[in-house]
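Engineer: Using the sequences plus the hints, can you model the full thing?
2 protein chains.
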Amino acid sequence: MENISQEDYLTAIFRNLDDVGEVKPNLLAEKLEISNAAVTDMLKKLSRDGFIDYKKYKSIKLTTDGESYAKNILRRHRIWEVFLYKTLGMSWDKIHDEAEKLEHSSSDELINLLEEFLDYPEVDPHGYPIPDKKGKIKDSKSVIAITELNKNESAKVVRVNDDVKNLLTYLTKIGINLGREIKIKDKLEFDGSILIKINGNDVNLSKKVASNIFVEKIK
Amino acid sequence: MENISQEDYLTAIFRNLDDVGEVKPNLLAEKLEISNAAVTDMLKKLSRDGFIDYKKYKSIKLTTDGESYAKNILRRHRIWEVFLYKTLGMSWDKIHDEAEKLEHSSSDELINLLEEFLDYPEVDPHGYPIPDKKGKIKDSKSVIAITELNKNESAKVVRVNDDVKNLLTYLTKIGINLGREIKIKDKLEFDGSILIKINGNDVNLSKKVASNIFVEKIK
DNA sequence: TTATAATTTTAAGTGCGCTTAAATCTATTA
DNA sequence: TAATAGATTTAAGCGCACTTAAAATTATAA
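Residue numbers (my numbering), protein chains in the order written: chain P, 1 to 219; chain Z, 1 to 219.
Among the hints, a few may not be true.
Negatives, chain Z to chain P, calculated, CB over 10 Å [to be verified]:
# : residue
1 : Glu22
2 : Lys31
3 : Arg48
4 : Gly50
5 : Glu98
6 : Lys101
7 : His104
8 : Phe117
9 : Lys207
In silico DSBU-like cross-links for lysine-lysine, where the CA-CA straight-line distance does not exceed 35 Å [claimed, not checked]:
#  : chain 1 : residue 1 : chain 2 : residue 2
10 : Z       : Lys71     : Z       : Lys56
11 : P       : Lys151    : P       : Lys133
12 : Z       : Lys136    : P       : Lys94
13 : P       : Lys136    : Z       : Lys197
14 : Z       : Lys94     : P       : Lys138
15 : P       : Lys101    : Z       : Lys101
16 : Z       : Lys208    : Z       : Lys94
17 : P       : Lys71     : Z       : Lys94
18 : P       : Lys101    : P       : Lys31
19 : P       : Lys86     : Z       : Lys45
20 : Z       : Lys151    : Z       : Lys217
21 : Z       : Lys71     : P       : Lys101
22 : P       : Lys134    : Z       : Lys165
23 : Z       : Lys101    : Z       : Lys185
24 : Z       : Lys45     : P       : Lys44
Think of the hints as simulated: they come from the structure by calculation, not from any bench.
Everything numeric in this text was worked out from a predicted model, so none of it was measured.
Ideal Cβ positions, reconstructed from N, Cα and C, are used throughout, including at glycine.
Structural biologist: This is the structure we're talking about:
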């Protein structure tokens, strides 16, 4: 395909699929920060090219082709992130944007060589699994959002959403990174915010933030 | 600037400057494999943006800005080439095209980190010097094209032009790579071709090929 | 259920980087 | 020097990826 924009749409679609595997154009427009009209335009092209199932005024689905394409770009993205973080020591909150550019500019051969050099990492620095050459993604059933935890439960942070603006910078500030243990001190009904204990400190997380931090329960 | 095309034009201009620091549009069109009309179009934009000095029907010069921009892209290109070749073991004849894509998709910060990781290489895998952060390029006065050697002179291959289609693949086939010693056996007048001895074999190089292989004399 | 709000699409228009064809300018050479 | 070849520019047009504004459709809530 060799088209940066189409690649961006496909990954945005894949990243934002709902529980039945669909996305609405409006959400895409928000995520990609472009107008709804532009989205409509591109959906026609993606549909024409066989990457999505699309009918006027309906939600979008990826075709088999579209899904494997999207996963291949995610693979590229995540492998680059590992390289930038582990090999070059680039900071947590910068690697996503940098990888976003590189993912469109690297051959499969390069990605495979990089993967080998990095010794076949399983997750990227934000905890997302790296699809293998065939597009297979290790599933992580036990991974849940902080919002799903109950009062007094303890858990370990295993993933943070790298696709939300400024989230990583904020998390770094309040001392959250992968591997950290947290405990739910309280869940506030009126705004959905959650009070957690981390590193001995009490921190209040808004619902939006909490829903983008993922953990595994500690028994 | 953030514009792939303009970056490609600037490097193409820099790479093809003549002895008085100028290029003709026609040469650019050939190198970039596009029409002359497209070149004219872009020259207007590059001029508008202050990267080149351009007057209708005249040759093109780089401005100070244009030159430092071009050198920065060359820097990115060559550092990526070192990484692809040395770290990942990608083959000699593939790294140029791969780096051509990466050079447009990497921040200065990334390039600086890469340079550090690679321990500040001075030349790329084809023997071209790597501009430093300030755009300074080590000059290599003693480097000359094979065509400048006389009969019976010996020399060491120190650079090959990576910007000529299929040249590297061809050179690999006939056993030429950096560090190799050659000796001029004969220079043929009628077509400018040159007979050299390399690895114990006699090889005839066309004028075009010979003019793109660079050496340092051995006394 | 119907008014209103939100979403989505269409329409018209823009800048970009290209194309081909024709016009214009410059260089070569007879 | 005048004809011609070659280089360059202009003109018109195209697909891309966007925009805003208006129209059409769907969802929501009174």
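Engineer: Taking the hints in turn, state whether each one holds.
Structural biologist: Each hint, compared with the structure:
1. Interface exclusion of Glu22 of chain Z from chain P stands, the closest Cβ pair being 31 Å apart, more than 10 Å.
2. Listed as outside the interface, Lys31 of chain Z is consistent with that label: its C-beta sits roughly 21 Å from the nearest C-beta of chain P, beyond the 10 Å cut-off.
3. Look at Arg48 of chain Z: its CB is around 25 Å from the nearest CB on chain P, clear of 10 Å, so calling it non-interface holds up.
4. The Cβ of Gly50 of chain Z sits about 25 Å from the closest Cβ of chain P, beyond the 10 Å cut-off, so the non-interface label holds.
5. Under the 10 Å C-beta cut-off, the non-interface status given to Glu98 of chain Z relative to chain P is violated; the minimum distance is some 6 Å.
6. Residue-level check failed: Lys101 of chain Z sits 4 Å from the nearest beta carbon of chain P, not beyond 10 Å.
7. The Cβ of His104 of chain Z does not lie farther than 10 Å from every Cβ of chain P; its closest approach is about 7 Å, which violates its non-interface assignment.
8. The Cβ of Phe117 of chain Z sits about 6 Å from the closest Cβ of chain P, inside the 10 Å cut-off, so the non-interface label is violated.
9. Lys207 of chain Z, annotated as away from the interface, keeps every beta carbon of chain P farther than 10 Å; the closest lies near 33 Å.
10. Proposed proximity of Lys71 of chain Z and Lys56 of chain Z is supported: the alpha carbons are some 25 Å apart, at most 35 Å.
11. For a cut-off of 35 Å, the pair hint linking Lys151 of chain P to Lys133 of chain P is broken: about 41 Å separates their Cα positions.
12. Distance restraint check for Lys136 of chain Z and Lys94 of chain P: the Cα-Cα separation of roughly 28 Å lies within the 35 Å cut-off, and the hinted pair is therefore satisfied.
13. Restraint check: the Cα-Cα separation between Lys136 of chain P and Lys197 of chain Z comes to about 52 Å, which exceeds 35 Å; the hinted pair is violated.
14. A threshold of 35 Å between alpha carbons decides the hint, and for Lys94 of chain Z with Lys138 of chain P the separation of about 32 Å falls inside it, so the pair holds.
15. Between the alpha carbons of Lys101 of chain P and Lys101 of chain Z the distance comes to roughly 10 Å, so the proposed pair stays at or under 35 Å and holds.
16. Straight-line distance between C-alpha atoms of Lys208 of chain Z and Lys94 of chain Z comes to about 21 Å, which keeps the hinted pair within the 35 Å bound.
17. Between Lys71 of chain P and Lys94 of chain Z the CA atoms are separated by roughly 25 Å; this keeps the pair inside 35 Å, and the hint holds.
18. Between the alpha carbons of Lys101 of chain P and Lys31 of chain P the distance comes to roughly 16 Å, so the proposed pair stays at or under 35 Å and holds.
19. Restraint check for Lys86 of chain P and Lys45 of chain Z: not satisfied, since their Cα atoms lie roughly 40 Å apart, outside the 35 Å limit.
20. For the hint linking Lys151 of chain Z to Lys217 of chain Z, the alpha-carbon distance of about 12 Å falls within 35 Å, and the restraint holds.
21. The hinted pair formed by Lys71 of chain Z and Lys101 of chain P meets the criterion: a straight-line CA distance of about 21 Å does not exceed 35 Å.
22. For a cut-off of 35 Å, the pair hint linking Lys134 of chain P to Lys165 of chain Z stands: about 32 Å separates their Cα positions.
23. About 40 Å separates the Cα atoms of Lys101 of chain Z and Lys185 of chain Z, which puts this hinted pair outside 35 Å; it is violated.
24. The hinted pair formed by Lys45 of chain Z and Lys44 of chain P meets the criterion: a straight-line CA distance of about 32 Å does not exceed 35 Å.
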